[in-house]
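The chain contents come next:
2 protein chains.
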Amino acid sequence: MLNFSFYNPTKILFGQNQIAKISKEISPEARILLTCGGGSIKHNGVYDQVLAALAGRTVLEFSGIEPNPTYETLMEAVRVVREQRIDFLLAVGGGSVIDGTKFIAAAAPFTGEPWDILAKRAPITQAIPLGTVLTLPATGSEMNSGSVVTRRATQDKLAFMHPLVYPRFSVLDPTVTLTLPPRQVGNGVVDAFTHIMEQYLTYPVNAPVQDRFAEGLLLTLIEEGPKALATPEDVAVRANVMWCATLALNGLIGAGVPGDWATHMIGHEITALHGLDHAQTLAIILPAMMNVKRDRKRAKLLQYAARVWEINSGSEDERIDAAIERTRAFFESLGVRTYLRDYGIGAEAVPALLAQLERHQMTALGEHQDIDLATSRRILEQALAA
Amino acid sequence: MLNFSFYNPTKILFGQNQIAKISKEISPEARILLTCGGGSIKHNGVYDQVLAALAGRTVLEFSGIEPNPTYETLMEAVRVVREQRIDFLLAVGGGSVIDGTKFIAAAAPFTGEPWDILAKRAPITQAIPLGTVLTLPATGSEMNSGSVVTRRATQDKLAFMHPLVYPRFSVLDPTVTLTLPPRQVGNGVVDAFTHIMEQYLTYPVNAPVQDRFAEGLLLTLIEEGPKALATPEDVAVRANVMWCATLALNGLIGAGVPGDWATHMIGHEITALHGLDHAQTLAIILPAMMNVKRDRKRAKLLQYAARVWEINSGSEDERIDAAIERTRAFFESLGVRTYLRDYGIGAEAVPALLAQLERHQMTALGEHQDIDLATSRRILEQALAA
Chain F
304 MLNFSFYNPT KILFGQNQIA KISKEISPEA RILLTCGGGS IKHNGVYDQV
354 LAALAGRTVL EFSGIEPNPT YETLMEAVRV VREQRIDFLL AVGGGSVIDG
404 TKFIAAAAPF TGEPWDILAK RAPITQAIPL GTVLTLPATG SEMNSGSVVT
454 RRATQDKLAF MHPLVYPRFS VLDPTVTLTL PPRQVGNGVV DAFTHIMEQY
504 LTYPVNAPVQ DRFAEGLLLT LIEEGPKALA TPEDVAVRAN VMWCATLALN
554 GLIGAGVPGD WATHMIGHEI TALHGLDHAQ TLAIILPAMM NVKRDRKRAK
604 LLQYAARVWE INSGSEDERI DAAIERTRAF FESLGVRTYL RDYGIGAEAV
654 PALLAQLERH QMTALGEHQD IDLATSRRIL EQALAA
Chain A
304 MLNFSFYNPT KILFGQNQIA KISKEISPEA RILLTCGGGS IKHNGVYDQV
354 LAALAGRTVL EFSGIEPNPT YETLMEAVRV VREQRIDFLL AVGGGSVIDG
404 TKFIAAAAPF TGEPWDILAK RAPITQAIPL GTVLTLPATG SEMNSGSVVT
454 RRATQDKLAF MHPLVYPRFS VLDPTVTLTL PPRQVGNGVV DAFTHIMEQY
504 LTYPVNAPVQ DRFAEGLLLT LIEEGPKALA TPEDVAVRAN VMWCATLALN
554 GLIGAGVPGD WATHMIGHEI TALHGLDHAQ TLAIILPAMM NVKRDRKRAK
604 LLQYAARVWE INSGSEDERI DAAIERTRAF FESLGVRTYL RDYGIGAEAV
654 PALLAQLERH QMTALGEHQD IDLATSRRIL EQALAA
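Order-wise, the sequence lines are chains F and A.
So our numbering is basically just the index in the first sequence, starting at one, shifted up by 303.
So our numbering is basically just the index in the second sequence, starting at one, shifted up by 303.
It cannot be assumed that every hint is accurate.
The list makes no distinction among identical chains, and a pair is therefore deemed to hold if it is satisfied within one copy or across any two copies.
As the list claims (entries may be wrong) - Derived pair list, reagent style DSS-like, types lysine-lysine, alpha-carbon separation capped at 27 Å:
no. : residue 1 : residue 2
1   : Lys-423   : Lys-327
2   : Lys-324   : Lys-345
3   : Lys-345   : Lys-327
4   : Lys-314   : Lys-327
5   : Lys-314   : Lys-345
6   : Lys-530   : Lys-324
7   : Lys-423   : Lys-345
8   : Lys-423   : Lys-530
9   : Lys-530   : Lys-327
FYI, nobody ran anything at the bench for these hints, they're computed from the structure.
Put together the whole structure using the sequences plus the hints.
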């Protein structure tokens, strides 16, 4: 196992009727800004539950944080925070609302151009405290310190991480996910699954606990993910999916092991140029990545085949092929297509995607930093069609 | 899965040479009290590493915290903390030193009789911040908010938990465990294993992630524990054992599932009256507990047999019998005997143990609160000898 530092102070309030508890987690004197997205929380009862929990408190509202939250929108919220002397941010929504709120939290007290937090890794020394009420299990943002923000003007999609933007608390009530559309449910499972794979499918470092935790999450998503679509009213299934998605990216399974993240980096460029959902890009790139990197990932691919899919017969390459196909079939079973062509994207798109990777200095990706532009080209070409 | 709240803000610094980093985790102005046990840290280099890391800081020392730390000793440290205006406690040792230091942290600012924190669950509102350098993987105290303290005068062994006594940081450097005597290594593995079983071997609540995490830790201890004794110089093995022991009791695998803890409660009385090591009492009671409670624990016993020991043939009771025997053999392979008779304790000891349980109101133990004194008697009688 590699040396590591692990720190995660987010308090999780998990289960039905937990939204009512947020009043105890926020100072009574706080001036609260509730941040949210497009309005689904106003139709499914979550908004009403939050306002009921905060009755008598000072609560302002900032809605309209979009999927792949933009710097332009978030800076409007920063202006509200500054003008209204907000001292607590309550993100109510999915990963985009939470990611966006983390940026607001860091940008509001920042002196200078807040874009530099993303573009120049400008250090931050303070942040407005934030909490979250999660409505969409997928990104894990509810229990980590990371945030991804897009600049609309340039379609740059950049990330920052800082301990100051760990949510103070996150409410995970699986009943609020019952009304999600199937596309978001499927996307969420693919997103969580790929987060696990980015930390698991690298090379062995004698970290059996991390491996087994990762495999345990993968197996649970494989069991429960399709059930969330087939029996959408089953709260117990939603609870298991929700807890998997949080644990997939809260730092635990990645502590002491290498990380890959190349699938995410290439996927980000597809979203930026073609507007695909984040999870769609992961479902497209991951199987191609597994195939192209099969030699350097061989030991973990074989372990994945055996322990996650019970593939134990055939040559090594046959087992790896089978594991890749099972992964692809799993994504497809969730309603997430796995080839660029399925989204109307052809070979003519590849040069522009490679140019974006180059512009963002994504020319040495993966756990060995050996995924150069030529390798990314092979991955994208394999991802075009069956 | 059951509703739960999970919060664990302890920062883990894991790996070789991490002790040097503690200076960054403690305020430069802090008046530090280093707490420790019997002196082993002065022979294995840990003490020197800690003092080197804190060069130039104000560091006082309190040594002599014993295994099963006593209120009497800890109150001497409380006096030092108060007189010397200590504002940071650094526990360097195993679970007893860390548990004791948590009590010191809570007792020093407490107004009134600090024993009430344990005996009357008197609420605490402040605690001296503490950090730890762990030397013995076993109890998990380095990443939880619990503490067990014994009153020498009465042999009462009582516990308290409070979020204020989470360590701010804990250093887990597996190299410092290389010089542990085999008895402490074996005890540590049994202790961690039993912590997992107390949270796993109850009844199913549809919590597949918690089950798989628990099974992953058990499997890893089964693989790595004997190696720690057979190849004591292997740092990678020690690292895996150390991380297992911490994750066994940091709240994660117990979140959202029932807990048993009857084995611990009965074991505590054996330590109190007969002075056995904590882990020895667990190795004695757990197999008998599994046998006596086989009906209400049946579903999880069969899952444990199949997933942890790969026992898949035979009748249900045969599989359960086999799983209990494998558990017992595992403990014995670590050098920890599993019957009271092995420690010279006979049937004549049972009434006094039951009287202690009654005196401590331990008359409705286990996940169903159905382990009354008659059941505890059966467990103790089965634990006498093969």
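Here is how each hint holds up against the structure:
In this assembly of identical chains, the alpha carbons of Lys-423 and Lys-327 lie at most 27 Å apart only when taken from different copies (25 Å versus 37 Å within one copy). Only within a single protomer do Lys-324 and Lys-345 lie at most 27 Å apart by alpha-carbon distance; the minimum there is 19 Å, versus 48 Å between protomers. In this homomeric assembly, Lys-345 and Lys-327 come within 27 Å of each other (Cα to Cα) only inside a single copy, at 23 Å, whereas the closest approach across copies is 46 Å. For a Cα distance limit of 27 Å, the shortest separation of Lys-314 from Lys-327 qualifies both inside one copy, at 12 Å, and across copies, at 24 Å.
Only within a single protomer do Lys-314 and Lys-345 lie at most 27 Å apart by alpha-carbon distance; the minimum there is 25 Å, versus 38 Å between protomers. With identical chains, the CA atoms of Lys-530 and Lys-324 are never at most 27 Å apart, being 29 Å at best within one copy and 46 Å at best between copies. Taking the closest pair of Cα atoms, Lys-423 and Lys-345 never come within 27 Å of each other, the shortest separation being 37 Å inside a single copy and 46 Å across copies. For the homomeric pair Lys-423 and Lys-530, neither the shortest alpha-carbon distance inside one copy (43 Å) nor that between copies (47 Å) is at most 27 Å.
Taking identical chains as interchangeable, the C-alpha atoms of Lys-530 and Lys-327 are never at most 27 Å apart, the minima being 34 Å within one chain and 47 Å between chains.
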